[in-house]
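Trainee: This is what each chain is made of:
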Amino acid sequence: MATKQIIHGVFGDEVPMLEACKKLRAAGIRIKEVYTPMPVHGIDAIIGLPRTRMAICAFIYGITGTSLATLMMWYMMVHDWPNDIGGKPTWAYYMAVPAFIPITFEATVFCAAHGMALTYLLRCWLVPGAKAKNPDPRTTDDKFLVYLELNEEQAKKADVILKETGVEEVNYKGTLQIEPKY
Amino acid sequence: MHAESEIREPLIEGNKTYRQISDDIIAPIEGKAAKGWYTLTTIMALCFLWGIGCLAYTIGVGIGSWGSNNGADWAWDITNFVWWIGIGHAGTLISAVLLLFRQKWRMAINRSAEAMTIFAVLCAAIFVTLHTGRPWLDYMLFPLPNQFGSLWPNFNSPLLWDVFAVSTYATVSIVFWYIGLIPDFGMIRDRVVKPWQKKMYSLLSFGWGGSARHWSRFEEVSLVLAGLSTPLVFSVHSIVSFDFATSIVPGWHTTIFPPYFVSGAVFSGFAMVLTLMLVVRKIYKLEAYVRIKHIEYMNIVIIVTGSIVGVAYLTELFVAWYSGVEWEQYAFLNRATGPLAWSYWIMMSCNVLSPQLFWFKKIRTSVLATFILSIVVNIGMWFERFVIIVPTLLRTYLPSTWNTYTPSFIDIGIFVGTIGMFGTFFLLFSRFFPVIAQAELKTILKASGQQQKLDSAKHSHHAAAHN
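Protein chains in written order, with my numbering: chain A, 1 to 182; chain B, 1 to 467.
It should be emphasised that the hints constitute simulated quantities derived from the structure, not laboratory data. Backbone N, C-alpha and C fix where the C-beta goes; we use that ideal spot for every residue, glycine too. Any given hint might turn out to be false.
Stated by the list, open to error - Cross-link-like lysine-lysine pairs, in silico, BS3-like; alpha carbons within 27 Å at most:
| # | chain 1 | residue 1 | chain 2 | residue 2 |
| --- | --- | --- | --- | --- |
| 1 | B | K458 | B | K198 |
| 2 | B | K35 | A | K131 |
| 3 | B | K361 | B | K282 |
| 4 | A | K131 | B | K362 |
| 5 | B | K199 | A | K173 |
| 6 | B | K293 | B | K458 |
| 7 | B | K194 | A | K133 |
| 8 | A | K131 | B | K198 |
| 9 | B | K282 | B | K362 |
| 10 | B | K199 | B | K362 |
| 11 | B | K198 | B | K362 |
| 12 | B | K35 | B | K199 |
| 13 | B | K198 | A | K173 |
| 14 | B | K198 | B | K293 |
| 15 | B | K199 | A | K133 |
| 16 | A | K156 | A | K131 |
| 17 | A | K173 | A | K163 |
| 18 | A | K133 | A | K4 |
| 19 | A | K133 | B | K35 |
| 20 | B | K285 | B | K32 |
| 21 | B | K282 | B | K458 |
| 22 | B | K199 | B | K458 |
Stated by the list, open to error - So, partial list: chain B residues that the calculated Cβ filter (under 10 Å) puts toward chain A:
| # | residue |
| --- | --- |
| 23 | G67 |
| 24 | G71 |
| 25 | W74 |
| 26 | S150 |
| 27 | P158 |
| 28 | T168 |
| 29 | F218 |
| 30 | I239 |
| 31 | L317 |
| 32 | F318 |
| 33 | F371 |
| 34 | I372 |
| 35 | I379 |
| 36 | Y397 |
| 37 | E440 |
| 38 | L445 |
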């Protein structure tokens with residue numbers, strides 16, 4: 001059973017924070033999370049965040065939308081009740097496609113947008129009633145917080161690095177008991 | 001960090017810090033309501049209430065209470081529908097298209113512009129759902145299995161394409177707007193002290209924390225939504241134009257309609273954004289963020305789109321003459337010289353002449369001139385949709401079907417009601433929601449802030465001097 005120290009490194013600006021993150025990573029220290037008031041350019045590479053797959057989700061949902069719309073209109077206008085509306089072709093889907101394009105397009109956009117948005121909200125657990133995820137309420141205003149969970153020896157190293165890159169505050173927020181994974 | 005030239009005009013005035021940006025945006029929410037907010041909201045709410053009354057009267061008594069008749073089957077209802085949808089397009093263009101073009105100046109106005117879009121689309125939806133005559137049967141517009149052999153809607157019809165297009169547009173705009181609002185609600189939640197405010201913004205912020213992981217997903221989602229919304233801007237209003245262009249009515253059946261309608265939409269939309277933002281920036285003291293430069297850029301968009309609209313008018317006239325089709329020629333002769341010619345000339349002067357005034361730098365950088373002209377443009381664009389619909393329908397192929405038209409007080413009442421609804425919602429938005437995307441603004445403070453540019457200019461001069 002390991003005991004990890006929770007450390008908050010609070011910076012007043014993103015430049016020293018990025019410096020600190022670079023140095024922490026170079027020293028082999030794992031940065032659990034960084035909380036900022038706005039997206040910081042370049043931070044993903046510095047703290048080693050893998051690229052998000054949201055766009056891929058959107059693409060898959062979009063294809064679903066296209067398929068659903070195509071199936072729906074084929075079924076309704078070609079298969080189930082092919083009405084003679086002004087002599088428009090109904091005996092094969094490919095003949096009627098030009099008229100069906102606007103709806104196919106809109107259905108694609110609809111499913112892609114809403115599917116991705118829901119996935120995003122659920123993946124980040126942004127739901128009505130969820131508790132605020134930032135450990136310090138000042139991080140949505142103007143503070144940049146580096147959140148670390150480290151053992152004693154790493155904590156000392158991290159402390160030195162944070163202080164030398166110009167951290168404003170280093171807060172020790174208690175300990176975590178980490179169960180070993182079997 | 002994206003470096004920006006020091007000689008580019010700053011997008012944020014003064015010596016702002018991240019804290020001050022938060023302070024400035026939260027001030028209208030935390031503090032007491034701006035003077036006149038209660039008065040304005042009351043006036044707007046009363047108009048809204050009057051509109052609801054007229055709506056209820058229409059549903060109870062029927063469409064006969066409108067001025068529409070056998071010639072003017074569509075009149076104020078569809079004019080207002082297209083007018084409101086057109087206004088909505090500017091918000092999406094500012095949020096989505098300008099994001100893709102990396103135009104950082106959009107950040108000060110995109111939140112309010114998107115709010116405007118959503119409220120405008122809601123207003124438009126009222127007309128389109130009501131004009132069917134028996135709005136309680138509107139569910140028949142959707143492909144739902146039913147007891148009539150399962151009678152499906154006609155997917156070949158632009159009227160149905162509109163149903164899908166406007167529904168998609170409305171819902172995707174709301175989603176895009178709300179997702180952008182979540183981080184700003186997080187900021188407000190962490191700053192407010194009053195318990196009811198704390199509860200409200202905790203609920204609205206969905207627990208946002210601003211972790212790097214979530215920001216990275218947020219950026220990707222914003223980019224993809226922008227990429228999806230951009231074709232929506234063009235497709236939705238093109239589909240609305242198809243309501244006219246796919247018919248055989250002279251003056252309607254022309255391929256210029258999709259680009260003409262889309263640029264007209266952006267034209268009137270930007271004018272409405274200006275009308276709203278000029279008031280908002282003054283009342284909430286946000287002149288440091290919505291600077292004269294922003295106003296100038298929006299006016300330039302107005303010149304461009306206004307000119308496209310002007311060229312479209314000339315194209316219509318030229319093609320009507322060149323085609324040799326007498327009915328098409330008469331359609332335009334009627335518009336310019338017939339019984340409703342006064343509406344045509346209002347349209348021409350408001351839409352063609354007034355935006356051209358913005359070529360003069362003095363006019364496009366003047367707040368008063370911009371405000372007046374933005375209202376003139378919106379009046380002109382209302383008349384454009386009116387001219388396309390009513391005079392044209394009153395003079396179709398067969399002279400025995402020719403008719404006259406006067407709006408009833410219900411027509412006018414519902415329109416005034418939607419203006420009241422729009423105003424009420426926007427005023428509520430400006431009081432309780434952050435009117436500027438403050439998290440986005442913070443990302444450009446270092447590159448585009450006024451003091452920051454001066455500091456970096458000094459710094460680079462020193463560096464050059466030392467080398």
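Trainee: Each hint: holds or not?
Mentor: Hint check results:
At most 27 Å may separate the alpha-carbon atoms for a hinted pair to count; K458/B and K198/B exceed this at roughly 43 Å. For a cut-off of 27 Å, the pair hint linking K35/B to K131/A is broken: about 35 Å separates their Cα positions. Proximity of K361/B to K282/B is assessed by CA-CA distance (about 21 Å); at most 27 Å being required, the pair is judged to hold. For the hint pairing K131/A with K362/B, the CA-to-CA distance comes to about 51 Å; that exceeds 27 Å, so the pair is violated.
Straight-line distance between C-alpha atoms of K199/B and K173/A comes to about 26 Å, which keeps the hinted pair within the 27 Å bound. A distance of roughly 23 Å separates the Cα atoms of K293/B and K458/B; the hinted pair therefore holds under the 27 Å criterion. With a C-alpha separation of about 20 Å, the suggested pair K194/B and K133/A falls inside the 27 Å cut-off, and the hint holds. Among the hinted pairs, K131/A with K198/B is consistent with the structure: their alpha-carbon atoms are about 12 Å apart, no more than 27 Å.
Only pairs whose Cα atoms come within 27 Å are accepted, and K282/B paired with K362/B is accepted, the gap being roughly 20 Å. Note on K199/B and K362/B: the hinted pairing is violated, with a Cα-Cα distance of about 47 Å set against a maximum of 27 Å. With a CA separation close to 45 Å, the supplied pair K198/B and K362/B exceeds the 27 Å bound. Between K35/B and K199/B, the direct Cα distance comes to roughly 26 Å. Compliance with the 27 Å bound is thereby established for this hinted pair.
Distance restraint check for K198/B and K173/A: the Cα-Cα separation of roughly 24 Å lies within the 27 Å cut-off, and the hinted pair is therefore satisfied. The suggested pairing of K198/B with K293/B is violated, with an alpha-carbon distance near 36 Å, which exceeds 27 Å. Straight-line distance between C-alpha atoms of K199/B and K133/A comes to about 15 Å, which keeps the hinted pair within the 27 Å bound. The hinted pair formed by K156/A and K131/A fails the criterion: a straight-line CA distance of about 31 Å is larger than 27 Å.
Among the hinted pairs, K173/A with K163/A is consistent with the structure: their alpha-carbon atoms are about 17 Å apart, no more than 27 Å. About 20 Å separates the Cα atoms of K133/A and K4/A, which keeps this hinted pair within 27 Å; it holds. Note on K133/A and K35/B: the hinted pairing is violated, with a Cα-Cα distance of about 36 Å set against a maximum of 27 Å. At most 27 Å may separate the alpha-carbon atoms for a hinted pair to count; K285/B and K32/B meet this at roughly 14 Å.
A distance of roughly 32 Å separates the Cα atoms of K282/B and K458/B; the hinted pair therefore is violated under the 27 Å criterion. This hinted pair does not check out: K199/B and K458/B have alpha carbons roughly 46 Å apart, beyond 27 Å. At a threshold of 10 Å, the smallest CB-CB gap from G67/B to chain A is about 30 Å, leaving the interface hint violated. Taking 10 Å as the C-beta cut-off, the interface hint given for G71/B is violated, the closest approach to chain A being about 23 Å.
Given hint, W74/B at the interface with chain A, is violated; its Cβ is 20 Å from that chain's nearest Cβ, farther than 10 Å. Taking 10 Å as the C-beta contact cut-off toward chain A, the hint placing S150/B at the interface holds, the least distance being around 7 Å. This hint holds: P158/B has a C-beta 8 Å from the nearest C-beta of chain A, less than the 10 Å allowed. Against a cut-off of 10 Å between C-beta atoms, the interface hint on T168/B holds, since the closest Cβ of chain A lies about 4 Å away.
The interface hint given for F218/B is met, as the beta carbon of that residue sits about 7 Å from the closest beta carbon of chain A, less than 10 Å. Checking I239/B against chain A by beta carbon gives a least distance of about 5 Å; that is within 10 Å, so the hint holds. Because the smallest distance between the Cβ of L317/B and any Cβ of chain A comes to about 29 Å, over 10 Å, the interface hint for this residue is violated. Below 10 Å, beta-carbon pairs count as interface contacts, and F318/B has none with chain A, the closest being about 28 Å; its hint is therefore violated.
For F371/B, the suggested interface contact is broken, since its CB lies about 31 Å from the closest CB of chain A, more than 10 Å. Against a cut-off of 10 Å between C-beta atoms, the interface hint on I372/B is violated, since the closest Cβ of chain A lies about 36 Å away. Interface restraint check: I379/B against chain A, minimum CB-CB distance 31 Å, threshold 10 Å, status violated. Below 10 Å, beta-carbon pairs count as interface contacts, and Y397/B has none with chain A, the closest being about 18 Å; its hint is therefore violated.
For E440/B, the interface hint holds, the least distance from its beta-carbon to any beta-carbon of chain A being 7 Å, beneath 10 Å. The criterion of a C-beta within 10 Å of any C-beta in chain A is met by L445/B, whose closest approach is roughly 9 Å, and the hint holds.
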